[in-house]
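Novice: Top to bottom, those sequences are chains L, P, E and X. For the first sequence, the positions run 1 to 440 when full-length UniProt numbering is used. For the second sequence, the positions run 1 to 440 when full-length UniProt numbering is used. For the third sequence, the positions run 1 to 440 when full-length UniProt numbering is used. For the fourth sequence, the positions run 1 to 440 when full-length UniProt numbering is used.
Because the hints were derived from the structure by calculation, they are not lab data. Please note that a few of the clues may not be correct.
Pairs involving identical chains hold if they fit within one copy or between any two copies, as the list cannot separate such chains.
What the hints assert, rightly or not - Calculated lysine-lysine pairs in the DSSO-like style (CA-CA distance at most 30 Å, straight line): (1) Lys-90 to Lys-417; (2) Lys-260 to Lys-417; (3) Lys-417 to Lys-72; (4) Lys-201 to Lys-375; (5) Lys-417 to Lys-115; (6) Lys-18 to Lys-35; (7) Lys-201 to Lys-260; (8) Lys-125 to Lys-78.
There are 4 protein chains.
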Amino acid sequence: MAHFTGIEKIKFEGASSKNPFAFKFYNPEEKINGKTMEETLRYAVSYWHTFTMDGSDPFGAGSMVRTWDHLKGMDLAKARVEASFEFYEKMDVPFFCFHDVDIAPEGSNLRESNKNLDEIVGMIKEYMKDSKAKLLWNTANNFTHPRFVHGAATSSHADVFAYSAAKVKKGLEIGKELGAENYVFWGGREGYETLLNTDMKLELDNLGRFYHMAADYAKEIGFDAQFLIEPKPKEPSTHQYDYDVATAHAFLQSYKLDDKFKFNIEANHATLAGHTFEHELHYARINNMLGSVDANQGDPLLGWDTDEFPTDLWSTTLAMYEILQNGGLGRGGLNFDAKVRRGSFEQDDLFHAHIAGMDAFAVGLKVAQQLIDDKVLENVVSNRYETYTNGIGLDIVNGNTDFHQLEDYAFGITDIKQQSGRLEQIKATINQYLLQAFAK
Amino acid sequence: MAHFTGIEKIKFEGASSKNPFAFKFYNPEEKINGKTMEETLRYAVSYWHTFTMDGSDPFGAGSMVRTWDHLKGMDLAKARVEASFEFYEKMDVPFFCFHDVDIAPEGSNLRESNKNLDEIVGMIKEYMKDSKAKLLWNTANNFTHPRFVHGAATSSHADVFAYSAAKVKKGLEIGKELGAENYVFWGGREGYETLLNTDMKLELDNLGRFYHMAADYAKEIGFDAQFLIEPKPKEPSTHQYDYDVATAHAFLQSYKLDDKFKFNIEANHATLAGHTFEHELHYARINNMLGSVDANQGDPLLGWDTDEFPTDLWSTTLAMYEILQNGGLGRGGLNFDAKVRRGSFEQDDLFHAHIAGMDAFAVGLKVAQQLIDDKVLENVVSNRYETYTNGIGLDIVNGNTDFHQLEDYAFGITDIKQQSGRLEQIKATINQYLLQAFAK
Amino acid sequence: MAHFTGIEKIKFEGASSKNPFAFKFYNPEEKINGKTMEETLRYAVSYWHTFTMDGSDPFGAGSMVRTWDHLKGMDLAKARVEASFEFYEKMDVPFFCFHDVDIAPEGSNLRESNKNLDEIVGMIKEYMKDSKAKLLWNTANNFTHPRFVHGAATSSHADVFAYSAAKVKKGLEIGKELGAENYVFWGGREGYETLLNTDMKLELDNLGRFYHMAADYAKEIGFDAQFLIEPKPKEPSTHQYDYDVATAHAFLQSYKLDDKFKFNIEANHATLAGHTFEHELHYARINNMLGSVDANQGDPLLGWDTDEFPTDLWSTTLAMYEILQNGGLGRGGLNFDAKVRRGSFEQDDLFHAHIAGMDAFAVGLKVAQQLIDDKVLENVVSNRYETYTNGIGLDIVNGNTDFHQLEDYAFGITDIKQQSGRLEQIKATINQYLLQAFAK
Amino acid sequence: MAHFTGIEKIKFEGASSKNPFAFKFYNPEEKINGKTMEETLRYAVSYWHTFTMDGSDPFGAGSMVRTWDHLKGMDLAKARVEASFEFYEKMDVPFFCFHDVDIAPEGSNLRESNKNLDEIVGMIKEYMKDSKAKLLWNTANNFTHPRFVHGAATSSHADVFAYSAAKVKKGLEIGKELGAENYVFWGGREGYETLLNTDMKLELDNLGRFYHMAADYAKEIGFDAQFLIEPKPKEPSTHQYDYDVATAHAFLQSYKLDDKFKFNIEANHATLAGHTFEHELHYARINNMLGSVDANQGDPLLGWDTDEFPTDLWSTTLAMYEILQNGGLGRGGLNFDAKVRRGSFEQDDLFHAHIAGMDAFAVGLKVAQQLIDDKVLENVVSNRYETYTNGIGLDIVNGNTDFHQLEDYAFGITDIKQQSGRLEQIKATINQYLLQAFAK
Ligand SMILES: [Co+2]
Ligand SMILES: [Co+2]
Ligand SMILES: [Co+2]
Ligand SMILES: [Co+2]
Ligand SMILES: [Co+2]
Ligand SMILES: [Co+2]
Ligand SMILES: [Co+2]
Ligand SMILES: [Co+2]
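Using the sequences and the hints given, assemble the complete structure.
Specialist: Encoded structure:
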């Protein structure tokens, strides 16, 4: 059956279109710097927010109205698969992502859960044959079920560690089966509620062991996807071990995993950790660890993960700037880990929201490319650090100096001619690029 | 002497200009809905951030480089007046604002301070004759001097209350002398460091008495400026009594001052209090208390008042939407209570920063007016609340019902047909307006 | 059946008891300043957190293990009533609180819901005959059901307003039937998700009308409970109208409701709004509007309402100080609007948590009373504001002065002899009282 | 001359003393677990907050009243040295800490600054002969002077890098001369104001080079102090590279510096980064990198570094628990990087504040030792992780398993018997220990 009746495939109609079911800025075929927007942006739909999320919050029951609301169990799971591929096609997105429990109900034991998964994975594989949609990444939900109350790989109970391993093992097999480009680890309960009852050293050691075993198993079965850690500072845990990119980077180095993992960076997780989205992208990029992106945004006045669809054009511009500087996302993509608001409960809102997000990043791409083409920020930076290209600066950069020579040099300094950082002018220039990007 | 040599009067050159010393979006003479941009926006320069701020922060000494750096005392004060009028003219701003201590140094006692003020006020008055710049508002700095360590009108020491009153008295006289349109009260130390040593009831009562005396004195001398309270939640005080607009509204009502005061709303203070800028404007507007605006922006990831020049176009659009809905700012204006970053230490940065801010609000004005012209949000709202225009809804609005009737009605309800809030679509539409505003 | 088998009535065993099922500091019969601890503290159990909460969070399913887990519908409701009275007795608490939906399931329409309520209310009334537990307050849950997606009394749909009114009408009748001392309004969805689609003025006007009708109806049926508003700044709404006590105070004054309502102040809501718990209590107290208290605590590093059981002794001390200064809580009480952590999923934890909270406030009571007996803070304050008891200070306080006289006085000031605020010493003294409170 | 006349040496008088100039809980000679309190706590006075800080804030001039206020230049510097040793003796603290610019004024060039330093260092060395006070650590202030506007070792200008190196070189020499136990690096401006003009990779590389050269030079001159990094997330920089312990740990590993540096952990910096104080201590401890502590506290409702004297007994207890688990602080200590409030402007307040802090950590020490003696938390933890001591759990910990075996095991799991985390009970127990610590 059709789930989104009355809605045609979303098409690009340009900036002045009044059609709410059309792209205004995202033109999949438009080439920017030699690649189409579709190739660069690699959009993905999040299965959980789009097909399973019901709009409930800590103070309210589900509000979403869906064509599959009357179904249960495997029937529900199948209807969602059906709906999902209709959605990918109508939305014209090339990728999707899911957790194991998004696509199939858990059974009364692990074997039964796996059986359910096998059936649905088979169905998805069939649908993929007739669709351009591919699996950007999958993952195991090791946080919702009460067994994960004290964590998964960092649980205080060894059985939970084992159960988590079995779920990830299955996830890796599914990823291979469906040709996933990446495999993601988000450790929502890999952290602590309180230090008072926690053996953090043991938990971190176990987490390190878990990741090594996962990497070994992927290798064993020939699943060569990128392995990605998705940092988040807190929620649901009071404190999460993968707090932010730098924290996870310290962990990966300590456990000799830094050559096996890259990062999946979510905008809203960045801001909850006290960083800008672009900071996290930048840190990962200069460490050659930028793998993929969860494209959403938070509300800076709220202290929890709101997972809003991204519409902040300033932010999408700076994010795309980092991504383009990175040479693109490689095997990663822009996954809309974003949910329609509880008040946006109609199925139409799923389209409106994805259009909003896809247009916002398309704008970001276009503005960022123009900033790069005109060397706007590149010139700012090369000019600002010019003293490191010769003399004592070059000695510093080349490691050809020491505190003796530097002190000698410093004794001779009379005045240091510094430059203004010019922040206000730079911001105004970016605004100008933004406002002119679609003004031709 | 000239302070800003080499800089000509800033002119509008349009969106594609590459001249850093030109407006790209602010065209003072352009008419929007029958009024010029200059008439609607009523920009003001903050004397303190532009002519006296030195770039120091809690961890660093001043960094700003100014032509008046070598001067002291009254010579310094006079040089700043000279520079300020050159700046107003070159920046083409119609208003300015100051605290008493910004324009003249404090003497060794109150009489001497007043004498210094008189001399500089006379000088300013002379300069105003040849300038279009007018005084948007003035105020008394009752927070910097150590005597205000425990507050001013809410000090624990009666002498400080008296001293504060004398300073405001002088401020009202200066406002009258220079034809100020408004008089502002920002109570940076009107609050507490700790409740443990504070008699909050006495302090609030004293604050109420102080405001009444100020209003009485202004009336006595025939100074008919708008009286404005500028709320801020904290900093420098741990907790400030005028926390936000609603808190100050409660205070004004409690002390029967709500017909004598309106609000001067600062964007960065709004966000520090947990509100959006537009929320504070909206709250004041629907209570008919929107007086004037301190146009700046904060950094949502920093917990203090950064007073940045406003460049967030989303925010300036929503702010201008509130202002236009208010029928404009009346006698108020848009005062750039904003400072260049410590790293932007050259005088040129003062121009770049004001251009950035003036262009940003000009964009906001243009986009907001188009949203109003097309009834974008008006239609959303009228459609959404349609049930209140007839039947039981109209009874509710007209006060023609009670719990008996409402219960009877509710017993008959079988299904409530609610509408989606459509937040994602609305945001995308505003982005579309923003990107198209200068695309003709 | 018994639900808490193996647990005897919790008794006071003193500070050195090692029994986890005993009070160490709360001795219900101990007299402090002429009243027993039980009389002053007026503890209440929250029905929702103790008998219906399942431990789910936005990323996880319920984890709680309860004797009533196997039941459904009215059977479940009845088992909970049974369990609740066993708990009140074993915990030795004199009060309880509930929302309508906590005690009885909603039916397929309002009439059926009311019928369910009637049956359970009758059952509760029976149980109350054999119990000392009384109803501190009840309230209507007008936020969980999807019909409240856009608010209740501030819904964009008039039918929802009517439905909400009918639910509160029933709530008032239940309160009367069960002899409630108070009736609470917490407006979790009385606010907005976004200003962009909101008619705030209409919503606030409707809220004012709603409160007036509620007060009228209570009067009509002779239900003379205290009416309480419970402020909260956000969550689930992005912005809630009853942001904090001051904001709600402004609202109550604007709508001439300030003589009809007092406040129910929750610690965690205070901190989410940027205030200390004691600030909110103090503000309410000096406005004679301190009605009741939701005794819990938040995690200052988390941005959402964690509703933890209160264990911070500094905070309980300062809270009890305000409450004692208020002459006690009157008809209000200390309601544990607090939930055991998701990881504390055993029924025993319900006892441990209440013991922790009851002991913590008992400590606070004892320390606060000693601070009052020794006039520790009273002396600090009277000494600090001494200048307002004579001379110009007394003129200020008596309203016998104006800006002329104050300026004259200020001209004569040569030096102002201010006192240190002594914050560090005051804090050390309170610590000393705390550590000595049970050292006899 | 005497600076603190009328104040005798602070002595321990016990918990019931009413003498504000006495210790109530800190008894330097009392043995706890075989070491005196003085030996374990290793308190240090911060030269900057106690002898140079003037009470100014971003909105106010200095308020402190000091005996040395009338002096300038080297005379001022000498008076402060004199006062400092009087203070150490009267306060009975065994250590002090300083930045270069705290002890001697900067000259007009580096040579002159060094000459001033030499003179004061000589004077300090003389005073140390007659004092028990030793230098816990010194550091270079590379953030206050305008030359550091864009950073020090991460400046965009090579001359600033050189100047910074020369200052640290001198600092290392001074540390050696005075027998410092540690040398600290706090990078207040080693970060960025905006990413838009920043070459983060180059700046981090330079920082790595700088640290290597510093370590090399210390080795060269035979200065064997512990090298410590003090993380802070922001302020004054918008984003600081040493954001928190984990971030700096990642950096140290990346640049192969992790065997050369440990951490100096400040409580207020921890909370600004979103962590508890004990989290940062714990993370450093389990990585064997806990070097020293800046003992202060923040205000969780304020978003900046308030550097308050520590009085939160819960926090000092958990901090001391980590320190005792670490086997003490080794060559580190507890440095009061804390300032009296602006309102506590009298010299007496310096004593009150240090007494408050020293008593608070003495309480923490005593309670923590009792928790350890009674194995309160140790038992919680060993019980909670018991499944890792045998069977599959032991295989996991020993690295004797893989995903195949774990899946096999998981297929056999029918029910996982998890334990409650018991957070509420644990907290209540700690409160009980706290309240009983001085009840004998
Ligand atoms: Co995500
Ligand atoms: Co998220
Ligand atoms: Co302002
Ligand atoms: Co400000
Ligand atoms: Co509550
Ligand atoms: Co709450
Ligand atoms: Co520090
Ligand atoms: Co600090």
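Novice: At 30 Å max between alpha carbons, let me know whether Lys-417 reaches Lys-72 within a copy, between copies, both or neither.
Specialist: between (71 Å within a copy, 25 Å between copies)
Novice: Have a look at Lys-201 and Lys-375 and pick one of within, between, both or neither, based on CA distance no larger than 30 Å.
Specialist: between (47 Å within a copy, 18 Å between copies)
Novice: Between copies, within a copy, both or neither: which fits Lys-260 and Lys-417 at Cα up to 30 Å?
Specialist: neither (45 Å within a copy, 34 Å between copies)
Novice: Is it within a copy, between copies, both, or neither that the alpha carbon of Lys-90 lies no farther than 30 Å from that of Lys-417?
Specialist: Between. Shortest inter-copy distance 27 Å satisfies the 30 Å Cα cut-off; intra-copy 58 Å does not.
Novice: When no copy is specified for Lys-125 and Lys-78, does a C-alpha distance of 30 Å or less occur within a copy, between copies, both, or neither?
Specialist: within (13 Å within a copy, 49 Å between copies)
Novice: Measure nothing new, just compare the shortest in-copy and cross-copy C-alpha distances for Lys-201 and Lys-260 to 30 Å and report within, between, both or neither.
Specialist: both (22 Å within a copy, 22 Å between copies)
Novice: Reference check for the pair Lys-417 and Lys-115, CA-CA at most 30 Å: within, between, both, or neither?
Specialist: between (70 Å within a copy, 25 Å between copies)
Novice: Is it within a copy, between copies, both, or neither that the alpha carbon of Lys-18 lies no farther than 30 Å from that of Lys-35?
Specialist: Both ways: Lys-18 and Lys-35 sit 28 Å apart in one copy and 28 Å across, limit 30 Å.
Of the numbered hints stated above, the single one contradicted by the structure is hint 2.
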